[in-house]
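Participant: Line order of the protein sequences matches chains W and S. Take the first sequence: its position 237, counting from 1, is numbered 237 in my numbering, and each next residue is one higher. Take the second sequence: its position 129, counting from 1, is numbered 129 in my numbering, and each next residue is one higher.
Since the hints were made in silico from the structure, they are not lab data. Any given hint could be a false lead.
To be verified - Computed cross-link-like contacts, DSSO-like style, restricted to lysine-lysine with a CA-CA straight-line distance of at most 30 Å:
#, chain 1, residue 1, chain 2, residue 2
1, W, Lys178, W, Lys120
2, S, Lys120, W, Lys178
3, S, Lys49, W, Lys208
4, W, Lys208, S, Lys61
5, W, Lys120, S, Lys49
6, S, Lys49, W, Lys139
7, S, Lys120, W, Lys177
8, W, Lys208, S, Lys120
9, W, Lys120, W, Lys208
10, W, Lys120, S, Lys61
11, W, Lys139, W, Lys178
12, S, Lys120, S, Lys49
Because the structure is a prediction, the values reported are computed rather than measured.
One letter stands for each residue in the lines below.
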Amino acid sequence: MNARETLANGLANLARRLRPGGVGVRRVESEEFWALRDVSLELAEGDVVGILGRNGAGKSTLLKLISRIMEPTTGEIRIRGRVGSLLEVGTGFHPDLTGRENIFLNGAILGMSRAEIRRKFDQIVAFSEIERFLDTPVKRYSSGMYVRLAFSVAAHLEPEILIIDEVLAVGDAAFQKKSLDRMSEVAAEGRTVLFVSHNLGLIRALCKRGILLEAGTVRFDGTAEDAVRTYLEGLEGSAAGELAPNVQRHGRGLVQLRRVEAGAPVDSGGGLESGRPARFVFETSPALPGLSCVFDIFDSLGQHVTYFDSANTSLDDGVDDTGESRFVCELDELLLLPGRYRVDVALNCDGELQEHVEGAAVIDVHDGTSGRRRIVAAPGYGSAFMHHRWVCPRGVGPNTPKP
Amino acid sequence: MAVASERNDPRRELVIRPGHHDSEYLPDLWRYRELFYFLAWRDILVRYKQTVIGAAWAIVKPLLTIGVLSYIFGKLAGMPADGVPYPILVAAAMLPWQFFASSVSDSSNSLLAGSELVAKVYFPRLILPGSSMVVNLIDFAVSCVILVGLFVVYRFVPSPAIVAVPLFLLLAAVTAAGLGLWFAALIVRYRDIRHLVPFLLQLGLFASPVGFSSDVVPADWQLLYALNPMVGVIDGFRWSILGGAHELHAPAVAVSVVVAVALLVSGLAYFRRVERTFADVI
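Just chain W, same shape as in the assembly (with noise of 0.2 Å):
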């Protein structure tokens, strides 16, 4: 909104007051938005809580009435306790100053006061691990650096009540680990930790309490087990098939998904098996010139397996002549272990999102073979199956006699 409009608006309608016979106002069409509604919570000191839900459902307000970010526009919020807030790393680093300056300013920034960045300095350094570069200027760093450096000095935020928003996946995966651990840390020192994420995993392992949102109010709230438990069978409320309506979907909305069909190809709606052909087929409304499809499939925690994008064309590609609008993928054999999976499907045109649905299907991958190798069952064990060979010593295998 700029002057110009608001004062052109305001003319308007003055003029349309003013205008003899001239009878009502026109007001801009806005509609009420309740990003968070009758939302009761009580956290107790010490409690390490996740916050689940879907993107929406008001998880990043709620984090930003608890910093004093936003004001409620009614209700009630009571506080005890310094509040340190981490909706992002990095914030307030200028590239121009120097990382031992961005230090300081960052902590400023997240509410240390000088004497305690200076106390906490050495570690701050020791954990970023950028000791050699701390007098070069950030616009220098590489991305990892740059974001190890503004996660260290956000590591050591010592607030009664730390306020995390997602912030934890960054770095390599040596950093990663150790910044998990970090988080395990200060969880475990007795502060009152509030930790929003989609990787439920980690909100299972850091977590004793969840809270589950969704469109704006509490869905549910008890243990982190229950709650992503709750969570993942929210997602997993469509079977193939026709797209539920309480799907979460959001894009432009040229194209829709219609329908979504995963299987063996001989006869689809046959179950899928490790290491078998499979097939999905994606049913659309009327395609669009320029439209691709991409769909992501997600384990059992949350955690991204792979995805397939019709837009990394190949030659082996088909076109499917018969009118219909839909995409086919087929794959000669499904390198997927046993197990439950969730579908998102995206659909784009020209690279612009026309839609994009999470649990769009969710699949049972079930016991099969590959060459002459069973694939069965390993919760836990992870998602991914490769064709191997083993070559053991003499005199170890099962079936040899024993001496």
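Put chain S on the given structure of chain W with help from the hints.
Facilitator: Chain S in isolation, oriented as in the chain W frame:
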């Protein structure tokens, strides 16, 4: 183990309700004083890092302006100077004006420039326009060095009233703060006002006695003219430094003071009123 911070007694309860919660604001401003210092420090560092001539820029800029103005108005237009070397006459006005103009400019943009902070971190938002004025204060101090240099070059001895300079500087700061707060708050919601500010400052420059002396303003217009608070500031500067023929029109200064204070008070009120919408709108 958490060190009991001086920020918050953990046992004290904070209540957030819709509407003003003024009672916490002043204590919060005090609690966040170090952030104020850090933001000002950041502005200063950024201003002078990676510049070819570094801190000398604070001297070169006013020097050039004084040089150009002196030449134009002194040699070309031949404006009256009452025995005072023209460069000093111009400098006495230029220095407070530069401080004022860049303070208004910086504080107007401070919220927008700090939008990342406004959207993600809590702190009393007054700190942003406030801290952005500090670096300009430093610039002013540095450019005072030029003035002293000019005194030496022209063998000019300033009048004893020079001790009043800080008071007029304060008047300039109050005016700049008032305007800065108004613009900063308006710009968050109406982005196009940001383009209006340089234009208004330019107009202000012509309406202020920088390139001319207040004596040339006809008597009937004096009071209207004095509504511009910078008139009081610049006349005050000229009077304190140059003394002599530059009398101080007390009524004009009084009007300037009243306008400046009104600007600041109204600016503060408007800013505080819309502050709670910043994070949503920015």
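Participant: Is the hinted pair W:Lys120 and W:Lys208 satisfied, with a Cα-Cα distance of at most 30 Å?
Facilitator: holds, 29 Å
Participant: Can the restraint linking S:Lys120 and S:Lys49 be considered satisfied, given a maximum Cα separation of 30 Å?
Facilitator: Given pair S:Lys120, S:Lys49 holds - Cα atoms ~27 Å apart, limit 30 Å.
Participant: Has the given pair, S:Lys120 with W:Lys177, been kept, meaning a C-alpha gap of at most 30 Å?
Facilitator: holds, 25 Å
Participant: Taken at face value, is the distance from the CA of S:Lys61 to the CA of W:Lys208 at most 30 Å?
Facilitator: Distance of about 61 Å is beyond 30 Å: violated.
Participant: When you check the alpha-carbon spacing of W:Lys139 and W:Lys178, does it fall within 30 Å?
Facilitator: holds, 24 Å
Participant: Decide if the proposed pair is consistent with the structure: W:Lys120 and S:Lys49, CA atoms, cutoff 30 Å inclusive.
Facilitator: Measuring from Cα to Cα gives roughly 26 Å; hence the hint holds.
Participant: With the threshold set at 30 Å, check whether the alpha-carbon distance from S:Lys120 to W:Lys178 stays at or below it.
Facilitator: holds, 25 Å
Participant: Holds or violated: S:Lys49 with W:Lys208, Cα cutoff 30 Å?
Facilitator: Judged against 30 Å, a Cα distance of about 48 Å means the pair is violated.
Participant: If you draw a straight line from the CA of W:Lys120 to the CA of S:Lys61, is it 30 Å or shorter?
Facilitator: violated, 40 Å
Participant: Would you check the hint for S:Lys49 and W:Lys139, treating anything up to 30 Å between C-alpha atoms as holding?
Facilitator: holds, 13 Å
Participant: Does W:Lys178 pair with W:Lys120 here, judged by a C-alpha cut-off of 30 Å?
Facilitator: OK: W:Lys178 and W:Lys120 at ~17 Å, within 30 Å.
Participant: Does S:Lys120 sit within 30 Å of W:Lys208, going by the straight-line distance between their CA atoms?
Facilitator: Roughly 26 Å separates the two Cα atoms, so the pair holds.
Taken one by one, the earlier hints fail for this structure at numbers 3, 4 and 10, listed in ascending order.
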